[in-house]
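From first to last, the protein sequence lines stand for chains E and C.
For the first sequence, this note's numbering gives the first residue as 1, with consecutive numbering after it.
For the second sequence, this note's numbering gives the first residue as 1001, with consecutive numbering after it.
For the record, the hints were derived by calculation from the structure and aren't laboratory data.
As the structure is a computational prediction, the values presented were derived from the model and not from experiment.
Any given hint might turn out to be false.
Stated by the list, open to error - The calculated DSBU-like cross-link candidates involving lysine-lysine, where the alpha carbons are at most 35 Å apart (straight line), are:
#, chain 1, residue 1, chain 2, residue 2
1, C, K1067, C, K1512
2, E, K275, E, K410
3, E, K69, C, K1009
4, C, K1241, E, K301
5, E, K303, C, K1446
6, C, K1051, C, K1512
7, C, K1446, E, K8
8, E, K147, E, K273
9, C, K1221, E, K4
10, C, K1221, C, K1239
11, C, K1442, C, K1400
12, E, K334, C, K1440
13, E, K316, C, K1241
14, C, K1461, C, K1084
15, C, K1404, E, K303
16, E, K340, C, K1125
17, E, K29, C, K1440
18, C, K1461, E, K8
19, C, K1495, C, K1009
The primary structure of each chain is shown beneath.
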Amino acid sequence: MALKDYRKDMETCRRCSPCKFIPLEKVTKFEHINVCPSIARYDFHSYSGGGRMVMGTALLEKRLDYTDKLLEVVYNCQMCGACDTSCKYSMDMEVFESLDEIRISCVEAGRTLPALDKAVNSLRKQGTMVPGARSKRGDWAAGLNLKDYTREKVDVIFHAGCLGSYNEDASRLARATAKILQKAGVNFGVGGENETCCGGRAHHMGYKEDFLNQARKYMDGIKKSGAKTLVTGCADCYGAFKVLYDRYGLKGDLEVLHITEFVNPLIKKGKLKPKKAVNMTVTYHDPCYLGRQGEAYIHWKGKEVLGEVRTFDPPKTYRRGAGGIYEPPREVLKSIPGLKLIEMDRIKEYAWCCGSGGGVRESNPEFAMWTANGRIDEAEATGAMAIASACPWCKQILSGSIKGKGSHLKVYDIIEILDKAI
Amino acid sequence: MTLKRDFYKGLEDILGPEFVSDDPVITDTYANPFREGIPYAQTFEAVTLPKDTEEVQAIVRLCNKHKVQYKASSTGWLYSDPTKPNCIKIDLRRMNHIIEINEKSMYAVVEPYVIGAQLQAECMKRGLNCNLTGAGSNCSALPLAAHVNLGHLSQSGSYGERNQLALEWVTGDGDIVRLGSLGSLDEWFCGDGPGPSLRGIIRGNTMPLGGLGVFTKAAQKLFHWPGPSTFPMEGVSPKYKPAYIPPGFLVRYFSFKTLDAMIEAVLKIGEAEISTELMCFNAAMMASNLATENMEEEIAIYNKFKDSVLGPGFMVLIAANSGRDFEYKKTVLQMIIDETGGKPLLEVEDPENQGGYVWRYFRETGSIKETGRVLAPQAGMVGGGDSFPLMSYFIKSCAKLKAKLIAEGALFDDGTSPFIQSIEHGHTGHGEILARISLKVKDPRKVQRVINMGSNEISIKEFFGVPQHVWSDELHDMYGPHASNYHLWLRKIKKTFDPNNASESSNYISAKE
């Protein structure tokens, strides 16, 4: 697929603007109706899902070129997919995939941002999207006596991810996760220094070929291991393995589970017992790539029928956000004694993004933090003592926001709270 | 055409460089989205984002000084594009505050970019409701911003022209005028005084659609709301379902063998004042509202519905104040339906469907599905605002055009039943021809022209009055001689309040001699 293949999707846009708002049936107050950080921050229509659809057709029509301004608009977007979900409440068009293709076309035209090039160069050289040496990738697991799935037979692969491997705080989380899996008696292994980046963030920056190279290498290793299940605590990695790998025909029959999906049934079966009270009111932030963009990829092969109206043979089923992973993280939190879960205004398929994705963290940290600040404000308004997420990228930027704002909130990954309770 | 640098610098001085742009990447996305068969629209020379009335005034005055036109819009769905060079956009997106909700006097004051869903949600918390434009709650809540502001709630909640109270207006040449009570008392409760009463001047038959300056704040009437303060929706988009249907709420759809029988039922329901909403949707619109999967599902539902209906029909929604009130209204509704031979569409009454219909109609979240789901440039024609029977017959006459175009393969066959609606319990009516031009048609504009010209001829020859789609010199010149030469007066209004023709008025009227 290429940008030209999404032309009719982009032309379907009617400029009605729900891509800017949470689904209208969910508007219960004046505040917090914005769902797209980009249009909320920059205001010009070009920064909305609908504006980007017009931009995509303008690129195809050669009315616009890959100018610096175009790159500025294209890349000031976290690729959170909220516009796609809100649009598809009513419409049948692929907004998110069109955005992907616009970015891919930028990279193919040799026009991208230096900060993103730097991150992708790291991927090419070291196999990671964050600074770190390949040889140190497995250091987070030192002393845990974990199996190496490249050498030993395991049922489950635990993928730590780039942050989990190199970031001090996220590495602690990866260790806690591994210990929980050990307690539950799971036969799992890690890749250690052989683990590499999933490539997902490169794809969302538009570097499709780099993603594909990375994904193919990664899947070769997984296939050799014979493991049937991959578990990760990183929502970005989850989205990549589950959705992108599938979209490009690389996933095969690998079962991809987020750690909350994996431990939730273990808790229900009594294999993990959260006994210790964690007396805290917590609000939960849905990571975009676990939530609305965590919905399984829906393969469709057939032909577009342009008759009186646009239909498909066979009929096409759209990913509208309904199949995202919303309940397992909440069920894990609810299983913890003493913990009270309180919801923010924008949740699940219409959650406000943390700000970290789509290369914005790398290319425009001010906008990334502006977006995170919006989430922290919303979390504070609930009266919660803490905000929990299920992705180290979310946690990292929300922590930064809390620190910058001097907020009273604590920030946790769900697994950290579960670890306290077990 | 490139703007002069001193003009652009003037815009930057007013707004700050962050809130003005003439980069094509910005201006291009404000032009009509490109669709197959429709030529690319003219782009604005620049786009501005004022934050308040003073900035709007400064932009307008700068445009007058430099002989540059401007066009303002809020949520900007339709009729907000430029048609000629040398025109800039005033995007009112940053003016997004609810100024006041006065519970005692039952009115709300909003800036242009407050959307209907926001205002309605805040009103419902206070036991109140506002009329929303039928285009959907994604559109501006400003009563002047969205065409005539007719919507699903107009049966009980009237429409923009009648609901509009005091108003703040930046005229075409940059004066700030405060109409009604705002002009003398600094309060918003009345549109006609004490203070200048210019409601008719600023609206005309519909409204100026950006052609007579900028409306920066407006008050509107609110109405009683007997329902819950929030909507307990469950599920995940797009499959939302209400946790429950509140007591006293009901939605039904009835079809009739003839248009006359339907009109009789509508008038009787209006006379009895039992319904909160009454919209003569056709079976295709009922199907669109229900479908969540794709176009194929929508067509399947429509095929089922069309086999179940007798002919023209309507959706009626009751929201009662008490158990007794509900029983009374239900009983009266059934009596009227029995008397007029209405047939229920049972799928609407299915508890699985009914709750969704209730909320989507109250919140007006299904409008986009009903009108824009498929990839097809829409055709359409907006009817007038006269008596309900007269408007019904007007649309019935126009529907013959639609039937002909369907037979020729130019339109998607979604039946020819017209869409009509009852306003203020049958006091007046409004109708539209909604159509989807077949993707096989190479030039969709030709089909639109056939509908436009045909319906205008019908309106004039059969004495149906001046419809609410009359917005251009060409159309005003066509209708004016048949309606007391009103167009000459309208031009004088334009000339008086916009002497330099700065406010781009291709969707209103020009001041040409």
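Given hint C/K1239 paired with C/K1221 - CA-CA distance at most 35 Å: 33 Å, holds
Pair hint outcome, C/K1461 versus C/K1084 [Cα-Cα no greater than 35 Å]: This hinted pair holds, its Cα atoms lying about 33 Å apart.
Given pair status - C/K1512, C/K1051, alpha carbons within 35 Å: 33 Å, holds
Given hint E/K4 paired with C/K1221 - CA-CA distance at most 35 Å: Judged against 35 Å, a Cα distance of about 48 Å means the pair is violated.
Hint consistency between C/K1495 and C/K1009 [alpha-carbon to alpha-carbon, up to 35 Å]: Given pair C/K1495, C/K1009 holds - Cα atoms ~28 Å apart, limit 35 Å.
Pair hint C/K1067 and C/K1512, alpha-carbon separation not exceeding 35 Å: 16 Å, holds
Pairwise hint evaluation, E/K8 against C/K1446, where the allowed Cα distance is 35 Å at most: 21 Å, holds
35 Å limit on alpha-carbon distance, applied to hinted pair C/K1404 and E/K303: With a Cα-Cα distance of about 30 Å, the restraint between C/K1404 and E/K303 holds, given a limit of 35 Å.
35 Å Cα cutoff - pair E/K29, C/K1440: 44 Å, violated
Pair hint outcome, C/K1241 versus E/K301 [Cα-Cα no greater than 35 Å]: Cα-Cα ~31 Å, so holds.
Restraint check for E/K147 with E/K273, where alpha carbons must lie at most 35 Å apart: Roughly 24 Å between the alpha carbons, so the hint for E/K147 and E/K273 holds.
Pairwise hint evaluation, C/K1009 against E/K69, where the allowed Cα distance is 35 Å at most: Holds, at about 19 Å.
Violation of the numbered hints given earlier is confined to hints 9, 12, 17, 18; the remaining hints are satisfied by the structure.
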